[in-house]
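Protein chains: 2
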Amino acid sequence: MAQLRIALAQINPTVGDLAGNADLILGAAERATREGAHLLAVPEMALTGYPIEDLALRPSFVRAARAAMDQLADDLEDRGLGDLVVVAGYLDGTPDDAPRIGRPAGSPIDAAALVHRGETLIRSAKHHLPNYGVFDEYRYFVPGDVLPVVRIGGIDVAVAICEDLWQDSGPVAAAADARAGLLLSINASPYELNKNDARYELLARRASEAGCAIAYVNQVGGQDELVFDGDSLVVAPDGAVLARAGQFTDELFVVDLDLPVAQVPAERTSEKATNGMEIRRIVVSAEPVAAFEPRPRVLTPRLDDHEEIYTALVTGLRDYVRKNGFSSVVLGLSGGIDSALVAAIAVDALGTEHVYGVSMPSRYSTDHSRDDAADLAERTGLHYETVPIAPMVEAYLKTTADAGTALTGLAEENLQARVRGTTLMALSNQRGHLVLATGNKSELAVGYSTLYGDAVGAYAPIKDVPKTLVWALARWRNEAATRRGQTAPIPVNSIEKEPSAELRPDQRDTDSLPDYAVLDEILDLYVEGDHGREEIEARGFDPELVQRVLTLTDTAEYKRRQYPPGTKISPKAFGRDRRLPITSRWRETA
Amino acid sequence: MAQLRIALAQINPTVGDLAGNADLILGAAERATREGAHLLAVPEMALTGYPIEDLALRPSFVRAARAAMDQLADDLEDRGLGDLVVVAGYLDGTPDDAPRIGRPAGSPIDAAALVHRGETLIRSAKHHLPNYGVFDEYRYFVPGDVLPVVRIGGIDVAVAICEDLWQDSGPVAAAADARAGLLLSINASPYELNKNDARYELLARRASEAGCAIAYVNQVGGQDELVFDGDSLVVAPDGAVLARAGQFTDELFVVDLDLPVAQVPAERTSEKATNGMEIRRIVVSAEPVAAFEPRPRVLTPRLDDHEEIYTALVTGLRDYVRKNGFSSVVLGLSGGIDSALVAAIAVDALGTEHVYGVSMPSRYSTDHSRDDAADLAERTGLHYETVPIAPMVEAYLKTTADAGTALTGLAEENLQARVRGTTLMALSNQRGHLVLATGNKSELAVGYSTLYGDAVGAYAPIKDVPKTLVWALARWRNEAATRRGQTAPIPVNSIEKEPSAELRPDQRDTDSLPDYAVLDEILDLYVEGDHGREEIEARGFDPELVQRVLTLTDTAEYKRRQYPPGTKISPKAFGRDRRLPITSRWRETA
Chain S
2 MAQLRIALAQ
12 INPTVGDLAG
22 NADLILGAAE
32 RATREGAHLL
42 AVPEMALTGY
52 PIEDLALRPS
62 FVRAARAAMD
72 QLADDLEDRG
82 LGDLVVVAGY
92 LDGTPDDAPR
102 IGRPAGSPID
112 AAALVHRGET
122 LIRSAKHHLP
132 NYGVFDEYRY
142 FVPGDVLPVV
152 RIGGIDVAVA
162 ICEDLWQDSG
172 PVAAAADARA
182 GLLLSINASP
192 YELNKNDARY
202 ELLARRASEA
212 GCAIAYVNQV
222 GGQDELVFDG
232 DSLVVAPDGA
242 VLARAGQFTD
252 ELFVVDLDLP
262 VAQVPAERTS
272 EKATNGMEIR
282 RIVVSAEPVA
292 AFEPRPRVLT
302 PRLDDHEEIY
312 TALVTGLRDY
322 VRKNGFSSVV
332 LGLSGGIDSA
342 LVAAIAVDAL
352 GTEHVYGVSM
362 PSRYSTDHSR
372 DDAADLAERT
382 GLHYETVPIA
392 PMVEAYLKTT
402 ADAGTALTGL
412 AEENLQARVR
422 GTTLMALSNQ
432 RGHLVLATGN
442 KSELAVGYST
452 LYGDAVGAYA
462 PIKDVPKTLV
472 WALARWRNEA
482 ATRRGQTAPI
492 PVNSIEKEPS
502 AELRPDQRDT
512 DSLPDYAVLD
522 EILDLYVEGD
532 HGREEIEARG
542 FDPELVQRVL
552 TLTDTAEYKR
562 RQYPPGTKIS
572 PKAFGRDRRL
582 PITSRWRETA
Chain C
2 MAQLRIALAQ
12 INPTVGDLAG
22 NADLILGAAE
32 RATREGAHLL
42 AVPEMALTGY
52 PIEDLALRPS
62 FVRAARAAMD
72 QLADDLEDRG
82 LGDLVVVAGY
92 LDGTPDDAPR
102 IGRPAGSPID
112 AAALVHRGET
122 LIRSAKHHLP
132 NYGVFDEYRY
142 FVPGDVLPVV
152 RIGGIDVAVA
162 ICEDLWQDSG
172 PVAAAADARA
182 GLLLSINASP
192 YELNKNDARY
202 ELLARRASEA
212 GCAIAYVNQV
222 GGQDELVFDG
232 DSLVVAPDGA
242 VLARAGQFTD
252 ELFVVDLDLP
262 VAQVPAERTS
272 EKATNGMEIR
282 RIVVSAEPVA
292 AFEPRPRVLT
302 PRLDDHEEIY
312 TALVTGLRDY
322 VRKNGFSSVV
332 LGLSGGIDSA
342 LVAAIAVDAL
352 GTEHVYGVSM
362 PSRYSTDHSR
372 DDAADLAERT
382 GLHYETVPIA
392 PMVEAYLKTT
402 ADAGTALTGL
412 AEENLQARVR
422 GTTLMALSNQ
432 RGHLVLATGN
442 KSELAVGYST
452 LYGDAVGAYA
462 PIKDVPKTLV
472 WALARWRNEA
482 ATRRGQTAPI
492 PVNSIEKEPS
502 AELRPDQRDT
512 DSLPDYAVLD
522 EILDLYVEGD
532 HGREEIEARG
542 FDPELVQRVL
552 TLTDTAEYKR
562 RQYPPGTKIS
572 PKAFGRDRRL
582 PITSRWRETA
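Read top to bottom, the protein sequences are chains S and C. So the first sequence is numbered by this note's numbering: it starts at 2 and just counts up by one. So the second sequence is numbered by this note's numbering: it starts at 2 and just counts up by one.
Hints are computed from structural coordinates only; laboratory data are not their basis. Don't be surprised by glycine CBs; every beta carbon is placed ideally from N, CA and C. Among the clues, some could well be false.
[Unchecked claim] Simulated restraints, written as ranges between beta carbons of each label pair:
#1 K399/C x L546/S: 43 to 49 Å
#2 E535/C x E31/S: 31 to 37 Å
#3 S513/S x E354/C: 32 to 38 Å
#4 E538/S x A402/C: 53 to 59 Å
#5 A539/C x P297/S: 58 to 64 Å
Extracted from the complex, chain S is given alone in its bound form (with noise of 0.2 Å):
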């Protein structure tokens, strides 16, 4: 056995933000010289930010992410860092590859560098490429069939990127046959709920497989539509975990690791895996390091349920405001719980002085539902202002009346969101906030929102997060301030009281839509489940409730398709969008 110390960096980079990213992983690596580590591992594409979906394309890019590369190694050996094993993600192409029809022009690569003393020993690429949920990489790059091994330290380490060990066999059967003594993967793995459990099972069982430990690194932060939670770990070739880090924390994680000393004789440079993937090694320093006094293993606690989720949405909020430029938000506060939790995790995300909460009431709004948002403001101490929409909807009213069409009805009740909407992005456009729209996942499955009315806004923070749900972060987030002695943020009345749209007169969501226990369960089934009607009824639910529930959901899909990206329903919590034809006459109840 040989002793190594590796960081794990848990960066948060910015898709095309390549001189940014360059620095983030500079600064690592000086952090990591500093904590005397050999081998700093980058999570997959940190160079470029992850997905970078069409730019991948762009042949600019691919040589600007590839020039950005070469001066990494550079930048890295100039400031003495040189020593650092630095193993990073980037986008890089085959560009002499011949044009062919299917195959993206450039033949980009989803890549791995191996960078040592200035010089990239070995560029890789990714093997196995995912094409399923939130993954479409058939259409942006070429598979890899080379597994890279170095030796440092007198330790064979092979290098494999993320998908490379969800699938079977590829780099994993490879690094077995290579007899590694260690299997680094970096990654860029989105967060989905109780992801963590299904990441250590993986990883317990591809250790065995490839008969050693592995470190998992990956990415933390908000990219989109996308939130990534690092969560980086190491696990032995028994299962055991020696080592994991925080979900959502920005951290360089170094781990002290004891593993076997490479057999294979130093001169073998290259071999044929039984799976025909070629094994290419490379020597950085064949004896192993000095020993050294271990430092004790971090094994960071699991956030609970709750907290994981609220920290999610305060992630992927914060981030998708910071990386488009903006550095303050608005939004529509009506003293119901949406807008109210929306309000909160804002707050948290932004600071207090960056969240612009604006009641908009009309002549169908309640008193208590002013009185909870002017609440709300107080609790939270956001920037608060009442601008009353009647003076533009009875100018509507008027004018349409005049030109000879009476609003009334639904086309009314949309028109006061719609206004709503409207006042939002006057203010956003002439003092620059981001607008948040504070619509749930359930109320827009079943289509009860307002095209260009309560769905108007660049992100909408709640959009993954069914009504059920709402009411529990609201109360675990209104414990946690009790437990920390803080105040409360989220008025215990937009709580408890009965859901309502305030568009109508005594207006009550319970009027259009079933309960919201019921309907979220139906909706899971349906919606993330991908369950058809006769196998939701065969769980026991009322026959006439799935009609009702699945015919509302139908017939919103393609409304749902116009709204703006941060308010889409994803076919994972935290995932994108599911991907439905816009016109479809097929409905599960017809």
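We have chain S already, so just place chain C on it with the hints.
Below, chain C without anything else, positioned relative to chain S:
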């Protein structure tokens, strides 16, 4: 040689409408039987519509599609159409496959069924799955590796599906090994500019490789963001076009062919092709059909470029409205060229009585704008009404000022556009029209458009049309009317006057944008061609102008993603939107 009469069904299915699509296929089979055809080919996925996107991942939909195919086989027999051999595209699955990460649940296949006398003789699956441009088929399907070869009238007919022809090897090579007498290709191939030329060249090459004629059938009609152009054709092994159907025409295209008689023993049922595919053989009728007098061959003339594009726009709009259950549209008429062209397209697509134009003058609107809008209404006969926006704009300005925020500059300009959008949506909600957005591709690309304002609309007919082409199509449409002795729909003044948004006094597009002729050239290189700044400059454009256009486009990208799907910018004319990260710091011009 032996004779065969084949019928190619250029039909217009709707996604998800299993019963309606089955009726279209039954109707084609009745007509083909009346016409004496021996073989009917129906497009790829005709029974489900194409593209079905995430519906493929819903097991209940896969089961329903499979059941609909079985029902169709029964119905063909019950209606006395069993003698006809029908090759039809549908969705099938292999639900017994074990679930696996990265493979779609239930392993859906893009399938072809070969039906005769009420029996499905063979089911096969598409071999090459496209995953570029508008296609995402790795997400949805698992590939097949069987080439069906059916002997009809003594001729061996091999069956391939769409992309199977666009990629090397696979079914084309297997058809050569099988010594097929005809390769039948069923397609759902979306329209692009000049695609008919590319299609012909491809078919000529593949016919030579397969060593037999190819009969190619494609669907017609609009589906969401795509338009299908038909253009079915038959090509001889030497590249000669034997027959060609119309573009965008719903028709049953009947072709009489002389084809080589099969030499392979009729007992052979299966063999391996050199590329590993399985050739699976079935005999429907081993003897040549009785000799008949062949009909003259039809070579439908191609449309000229402007007529082809205009017809695609009319087709896309007509089907989007109809397939979404609307019968009328409403749009704002500014007097400018964009709304005038959209109105002309709408009148051609839906009939003048289903088109509602609304003039919404502000204090900045000129008299000539109102006159030109009224002139357009008179020329086309569409419904015309006027709703002045000043009362609503004044109410917003006063109410927000009273609350402490005066709206000025861009905020005031955007407000006017949003009042117009809200007015159109109010009329839509009250009266049931679908709203059309009138933005063109040039202004959308550079962000010269207001989110929730003029971008409001379920469908944007000229979203894919650059401004210079807007003018050209308007001129073409007027000339076509004159040639037919009809009133030219578009006022000459709308074509010839200088473009202006009229959101402030004396505003001109050229205050903010370069001349459209140059702008469109640069946008084509940057957006469609994915060329970088240096490559564009190398073509001789002024570097400062390139910098300006690319910066406008880059900064507009994140806004564009928030628009309804009908307003998206496409990678190719009539394709789907480019997929770009919402948050990206990448700038060509940095």
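Outcome for the supplied range 58 to 64 Å, where the beta carbon pair is A539/C and P297/S: 59 Å, holds
Satisfaction of the hinted span 32 to 38 Å by the C-beta atoms belonging to S513/S and E354/C: 34 Å, holds
E31/S and E535/C - C-beta distance against the hinted 31 to 37 Å: With a Cβ separation near 33 Å, E535/C and E31/S satisfy 31 to 37 Å, so the hint holds.
Range agreement (Cβ of L546/S with Cβ of K399/C, hint 43 to 49 Å): 47 Å, holds
Consistency of beta-carbon spacing, A402/C to E538/S, with hint 53 to 59 Å: 56 Å, holds
When held up to the earlier numbered hints, the structure conflicts with none and fits them all.
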